[in-house]
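S.K.: Chains as they are written, first to last, in the UniProt record's numbering: chain A, 1 to 408; chain B, 1 to 408; chain C, 1 to 408; chain D, 1 to 408.
Keep in mind that the hints are not guaranteed to be accurate.
Just so you know, same-sequence chains aren't split out, so a pair can sit in one copy or run between any two.
Said to hold, decoys possible - Below 27 Å or equal to it, Euclidean Cα-Cα: the simulated DSSO-like pairs (lysine-lysine) are: (1) Lys336 - Lys103; (2) Lys172 - Lys407; (3) Lys194 - Lys355; (4) Lys143 - Lys22; (5) Lys336 - Lys230.
Quick caveat, the hints were computed from the structure, so don't treat them as lab data.
Predicted model, so just to flag it, every value in this text is computed and none were measured.
Number of protein chains: 4
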Amino acid sequence: MSAPKKVVLAYSGGLDTSIILKWLQTEYGCEVVTFTADLGQGEELEPARKKAELLGIKPENIFIEDIREEFVRDFVFPMFRANAVYEGLYLLGTSIARPLISKRLVEIAEATGADAVSHGATGKGNDQVRFELSAYALNPDIKVIAPWREWDLSSRTKLLEFAEANQIPIAKDKRGEAPFSVDANLLHTSSEGKVLEDPAEMAPDYVYQRTVNPEDAPDTPEFIEITFEKGDAVAINGKALSPATILTQLNEYGRKHGIGRLDFVENRFVGMKSRGIYETPGGDILLEAHRGIEQITLDSGAGHLKDSIMPRYAELIYNGFWYSPEREMLQALIDKSQEHVSGTVKLKLYKGSAKTVGRWSDHSLYSEAHVTFEEDAGAYDQKDAAGFIQLNALRLKLLASRNKRIKG
Amino acid sequence: MSAPKKVVLAYSGGLDTSIILKWLQTEYGCEVVTFTADLGQGEELEPARKKAELLGIKPENIFIEDIREEFVRDFVFPMFRANAVYEGLYLLGTSIARPLISKRLVEIAEATGADAVSHGATGKGNDQVRFELSAYALNPDIKVIAPWREWDLSSRTKLLEFAEANQIPIAKDKRGEAPFSVDANLLHTSSEGKVLEDPAEMAPDYVYQRTVNPEDAPDTPEFIEITFEKGDAVAINGKALSPATILTQLNEYGRKHGIGRLDFVENRFVGMKSRGIYETPGGDILLEAHRGIEQITLDSGAGHLKDSIMPRYAELIYNGFWYSPEREMLQALIDKSQEHVSGTVKLKLYKGSAKTVGRWSDHSLYSEAHVTFEEDAGAYDQKDAAGFIQLNALRLKLLASRNKRIKG
Amino acid sequence: MSAPKKVVLAYSGGLDTSIILKWLQTEYGCEVVTFTADLGQGEELEPARKKAELLGIKPENIFIEDIREEFVRDFVFPMFRANAVYEGLYLLGTSIARPLISKRLVEIAEATGADAVSHGATGKGNDQVRFELSAYALNPDIKVIAPWREWDLSSRTKLLEFAEANQIPIAKDKRGEAPFSVDANLLHTSSEGKVLEDPAEMAPDYVYQRTVNPEDAPDTPEFIEITFEKGDAVAINGKALSPATILTQLNEYGRKHGIGRLDFVENRFVGMKSRGIYETPGGDILLEAHRGIEQITLDSGAGHLKDSIMPRYAELIYNGFWYSPEREMLQALIDKSQEHVSGTVKLKLYKGSAKTVGRWSDHSLYSEAHVTFEEDAGAYDQKDAAGFIQLNALRLKLLASRNKRIKG
Amino acid sequence: MSAPKKVVLAYSGGLDTSIILKWLQTEYGCEVVTFTADLGQGEELEPARKKAELLGIKPENIFIEDIREEFVRDFVFPMFRANAVYEGLYLLGTSIARPLISKRLVEIAEATGADAVSHGATGKGNDQVRFELSAYALNPDIKVIAPWREWDLSSRTKLLEFAEANQIPIAKDKRGEAPFSVDANLLHTSSEGKVLEDPAEMAPDYVYQRTVNPEDAPDTPEFIEITFEKGDAVAINGKALSPATILTQLNEYGRKHGIGRLDFVENRFVGMKSRGIYETPGGDILLEAHRGIEQITLDSGAGHLKDSIMPRYAELIYNGFWYSPEREMLQALIDKSQEHVSGTVKLKLYKGSAKTVGRWSDHSLYSEAHVTFEEDAGAYDQKDAAGFIQLNALRLKLLASRNKRIKG
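Could you build all of it, start to finish, from the sequences and the hints given here?
M.R.: The structure is reproduced here in structure tokens:
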């Protein structure tokens with residue numbers, strides 16, 4: 001790889017990415033463009049602008065954007081149409097944000113004439129893969145710089161020395177090492193490392209930042225209604241809201257009732273297991289509600305096919321292949337299934353759980369006339385079941401006869 | 001089908017199967033053998049013996065058996081090795097009991113010289129399919145009589161008239177119609193029909209019979225530890241227990257903490273949707289724990305393959321194909337994966353939820369040396385990630401170049 | 001089912017469907033509309049019109065249509081985009097024609113005010129299922145009459161008696177029984193039954209009607225080029241042709257070179273095995289060519305996903321679920337993959353085989369720069385492979401260490 | 001990686017691996033053990049011994065073994081039970097040999113106290129991955145040396161210079177560069193590179209080494225019978241033979257009739273496409289025969305499940321994951337299906353094709369009584385099909401009604 005001339009950095013304004021910024025300037029002598037995004041992580045963005053300016057970035061090279069609506073509309077919602085969970089339980093909160101960040105990095109590179117992008121993910125995790133595969137898929141000629149894999153600042157001490165030597169301000173609480181590492185966006189907060197590294201040990205209470213402890217949640221349940229159109233949530237309690245606003249409100253419901261906590265050991269794409277604490281307050285509610293509305297609007301053929309490809313779809317997102325033909329093919333399949341996934345779900349929120357307790361829809365496939373225990377109105381002839389069973393049994397009978405014959 | 005001469009009836013001792021018993025005697029003039037099983041449904045079996053005698057069944061033709069251990073060991077546990085859930089949420093509590101009942105019906109038929117078996121499932125449900133496919137798979141020459149598909153006693157009034165005309169005792173509370181229909185065994189209780197037929201309406205509280213309302217559960221969490229060997233639970237809090245005893249104890253934990261309630265609309269194999277209320281107190285805990293122990297003992301290749309075939313496996317059980325070559329092939333695959341699924345999971349039980357909070361095992365694949373945020377001890381070279389990403393990205397780059405070329 | 005008043009019959013003009021026509025008139029006393037389609041089966045259609053008139057059908061109730069282009073464009077080609085084969089070998093020639101016939105039957109019923117449709121498929125085969133599932137999926141209120149499952153004319157003798165009694169002309173060669181049964185359309189000819197019923201016995205030569213014996217094919221190979229656009233064949237040897245014309249020409253190439261013969265035992269959806277002789281001369285060539293063009297235009301992620309869902313897709317078509325949400329979902333996935341499947345394939349046709357010997361495309365993903373044995377021009381860094389292998393190996397190493405530890 | 005002390009080299013005796021041998025000695029100063037295997041590649045092994053001795057290898061460090069029986073019995077046959085083909089067409093002839101070579105390398109390392117193994121695969125291909133993943137899976141502590149990724153002898157000129165400088169004898173025909181590269185074993189011969197690098201160009205005739213040109217094959221077909229037991233071929237024309245002998249004989253049949261040629265562009269695991277010419281004479285016959293016997297001995301549930309997982313199984317073998325838990329899980333599934341895959345297939349071999357023309361078995365599931373066109377003997381009641389279709393149609397009708405309601 002030839003040396004980069006101008007690089008767009010995913011910049012949070014925090015200590016680590018400030019060090020990267022300076023390191024890029026000194027190591028590669030290249031011009032740096034910063035990109036700071038509001039993905040709903042709950043931090044002010046303007047301080048990042050000031051810090052970037054302080055570190056010598058020209059105003060026209062500082063990009064600060066609120067991309068929450070795009071995040072939910074074009075990434076979170078398509079993923080939730082699939083009921084995607086990784087390894088049975090994880091809602092992919094970190095994974096789904098990475099491709100959008102890469103997309104903006106590449107777009108800003110193209111707009112500013114930069115030939116490289118850079119990120120602050122380490123060489124042990126999945127995020128480096130997600131950032132880089134997305135970048136290469138969007139621009140095959142882009143260079144990607146991953147300082148954590150390149151530099152020799154791999155200890156806390158060395159990092160702080162570098163910061164001091166380069167006049168990078170260090171907040172007081174950053175002198176000591178954080179007891180764990182955090183990633184957050186509108187969909188979730190993940191915590192991992194340090195005090196969480198022994199999967200046998202319960203996570204300490206202070207790790208949870210996004211939800212109350214279920215024990216501290218209200219003692220009475222709360223009921224809400226979520227309305228869907230073509231697989232996407234469009235209203236809460238009858239009030240139409242934008243995608244990001246819906247997720248924000250569901251997060252508040254989830255936070256209050258202690259919903260969405262997950263203590264999880266997962267398989268990273270790079271080959272090792274890791275343990276994380278995830279909080280996905282709104283996401284847990286949304287997943288339950290989406291399943292609830294699919295129960296009455298999706299037929300079994302469509303639903304079972306979706307279920308069977310879901311693990312592969314989730315794995316692709318987890319591994320960083322959002323911008324791959326196979327993810328797009330699966331998305332086409334999933335989206336096709338959602339044409340009639342419209343209607344309303346009623347949920348009970350209580351002490352850590354969101355549960356569907358009712359659902360209705362103009363698009364419902366549920367037929368009381370067919371299922372009723374009451375005397376038939378002729379919708380269904382029970383005698384048909386005899387033929388249905390006979391033909392389903394035929395091959396089993398032929399097998400049993402064969403096996404008996406062979407043994408006999 | 002030629003007329004049966006001797007038929008083994010799955011006999012609960014209740015009104016409906018007593019009517020069937022008498023109807024078989026009068027309609028087909030055939031000798032009836034009764035089979036009454038303790039599957040953990042929580043009913044006394046001896047009254048069934050007395051009723052059968054009263055209805056003229058010879059003592060040697062009355063079979064009453066406790067098959068709880070076989071049920072859990074050979075059916076429930078193998079299914080839980082797969083983390084099987086139907087349509088995302090249903091633990092298959094009814095489905096998994098049917099093949100065992102059919103197996104005993106067929107075995108008793110062979111032992112008593114009967115040429116037919118009979119059951120009390122209606123023509124609208126899945127259970128008829130499960131009973132009959134199992135029976136035919138085990139004995140291709142057996143006859144199956146499904147009175148509900150044959151007779152004209154399809155209204156409550158006609159049934160009661162038939163009972164009275166045939167001196168079948170009718171318990172007082174059976175005169176009126178039950179507000180919903182129930183099936184129960186050691187794994188679960190299901191309720192459906194009547195008051196539950198509108199899926200928009202919340203299920204009334206009195207439907208739940210097996211678990212306390214989460215609101216009435218203890219205000220403080222309880223922690224338990226479940227130990228697994230090769231994928232099966234073998235001990236609770238360090239105490240080794242038989243399969244059925246483990247499930248019984250987990251049921252008691254679940255009941256107390258309001259765990260395992262599910263309000264669900266599902267797709268029946270016979271083609272329509274139906275709404276059920278399921279309670280699986282011990283099963284919910286067991287599923288969570290099994291996932292917990294797999295997190296550290298199963299590698300990603302094994303786990304992802306299991307996840308991808310699980311929906312098909314669950315569908316087979318739901319549809320009644322327990323005794324099919326494809327279920328047995330999938331079981332071979334699943335069982336192969338469980339060789340090292342041994343260790344202990346710590347769970348928090350609280351107000352409707354069971355959550356893994358810790359897990360440990362001699363068979364653990366989790367390597368703190370590889371995942372640690374601390375400075376590397378050399379277990380993992382972060383630079384390897386660069387090559388890993390480059391080769392994973394190669395095809396995406398080639399795609400992006402091609403697409404750019406075509407457009408350009 | 002209430003009695004039908006007006007029925008649209010899939011009418012070939014042959015003896016069997018003429019008997020059905022008359023039976024519908026006499027048994028149900030209902031008005032009959034005939035639909036005779038040219039699907040490329042190689043028979044004149046006008047005789048069917050005369051026969052229908054002779055049997056009392058009103059001119060406005062006789063529908064005769066050439067639907068070959070629609071057949072190939074909307075059914076055969078979409079299926080070939082998937083490289084669909086049933087049970088490893090069968091190109092689904094009969095299966096794919098049924099939904100189109102049902103579609104026209106239902107449309108004609110709606111246009112003529114008929115409330116029923118009827119077909120001549122027996123109660124043992126797959127075609128009844130395909131006709132009827134398609135009809136019900138397109139019009140849930142349509143009635144379907146399947147005379148072979150209803151009447152008592154199940155022997156040849158009775159059929160001929162009925163024909164004579166009803167003044168239905170019987171061609172001389174129809175007096176005796178045919179030595180096997182045939183279905184044909186532009187895609188294939190299938191032969192089954194009678195002389196073919198023992199799968200151990202070689203099919204007699206006279207069964208093959210659509211292809212020369214490879215032994216009699218030309219002694220020198222012939223080379224042709226097929227051009228594709230977005231997954232569909234659009235030209236042969238550089239000459240643009242309509243879908244049906246392309247298939248017609250490929251059939252002629254295949255016939256001449258003895259290509260597309262298959263002696264096959266398959267699993268019917270209704271539960272038993274059957275043996276058929278299939279001839280798909282053009283289809284075999286088309287499948288080989290489509291695979292050839294995909295080899296250079298489809299990336300591995302897309303291709304492997306397609307391969308993994310193909311068996312399910314083929315099964316759906318075989319079982320009659322063309323008009324199901326899951327087939328449409330899979331089609332969306334497949335079609336999405338074909339956006340760049342454009343280019344040309346060169347094939348060698350010789351004595352029963354069609355083999356790709358060259359392929360090229362503006363959309364090619366093949367990169368000589370990457371794969372070359374020559375010294376690298378820098379497109380690929382072999383050292384990347386070391387990291388790629390290390391991370392792919394990591395979990396295998398952790399497994400091996402764990403297993404050694406447990407044993408040790 | 002610390003420096004290796006003793007290394008086991010996969011040694012062919014050819015120029016390239018002789019250079020590697022010497023390079024290992026000089027570069028790492030380590031003791032070298034050579035392993036030369038007869039996998040059926042058709043070369044004398046004793047010259048390799050002499051060459052190794054000449055290069056200074058101690059007699060006790062020279063391992064020469066005939067592993068053809070193990071290769072066919074434990075690798076080729078298990079794979080053929082799955083009907084494995086990669087990307088629709090490739091029989092995995094190279095892929096399946098690599099894990100066995102690695103297994104022996106690791107075993108010999110353990111026996112001789114070596115701490116490393118080495119191979120001659122380049123950094124661009126799949127073989128490096130297959131060798132190394134297998135080695136690491138079998139011994140997590142083994143070192144692997146891949147000289148082609150390490151050294152700077154990447155041009156032909158440099159290689160020859162190194163050989164000359166180190167007194168490595170160079171055969172005359174090795175002075176110039178070969179026009180393509182070859183790999184061979186008992187299952188197949190592959191050719192790639194150089195003259196084959198343009199996938200638009202037909203492969204020249206001289207590339208084919210293992211089969212006659214179909215045009216030169218006999219003008220009359222030959223018929224053979226292959227007998228299977230539990231999925232494996234055990235006899236040809238009634239004569240019981242060992243696994244390697246069977247494959248050897250089938251290779252001779254295939255060679256003579258020009259069977260098993262494939263011109264193919266495939267997706268390598270390392271990310272690029274490559275073009276190869278494969279010759280698998282015996283393998284093509286064996287695959288056709290195995291499918292033929294499965295047609296009558298495997299039921300549809302088992303067969304369709306096998307078909308659906310086959311692409312994943314083939315991909316695992318292609319990518320080098322033979323020794324992975326998921327390959328072993330799939331093998332357990334596949335082997336379970338083969339319990340009754342016993343019987344005999346008759347094949348016609350002619351001018352490039354092997355085609356099943358008859359098959360019979362004591363384990364057959366084919367039932368003439370069920371499928372016959374003759375009047376029923378009561379094995380099958382055609383009226384059952386009506387109920388079967390009604391219940392399969394139910395969800396499609398409910399869908400159609402819903403869609404009509406929404407539109408209307």
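S.K.: Are the hints correct? Go through all of them and say.
M.R.: Structure-based check of all given hints:
1. Lys336 - Lys103: Both: 25 Å inside a chain and 22 Å across chains, each within 27 Å.
2. Lys172 - Lys407: Classified as neither; 79 Å inside a copy, 50 Å across copies.
3. Lys194 - Lys355: between (34 Å within a copy, 22 Å between copies)
4. Lys143 - Lys22: For Lys143 and Lys22, only the intra-copy Cα distance (18 Å) is at most 27 Å; the inter-copy one is 39 Å.
5. Lys336 - Lys230: Both ways: Lys336 and Lys230 sit 9 Å apart in one copy and 20 Å across, limit 27 Å.
Of the numbered hints stated above, the single one contradicted by the structure is hint 2.
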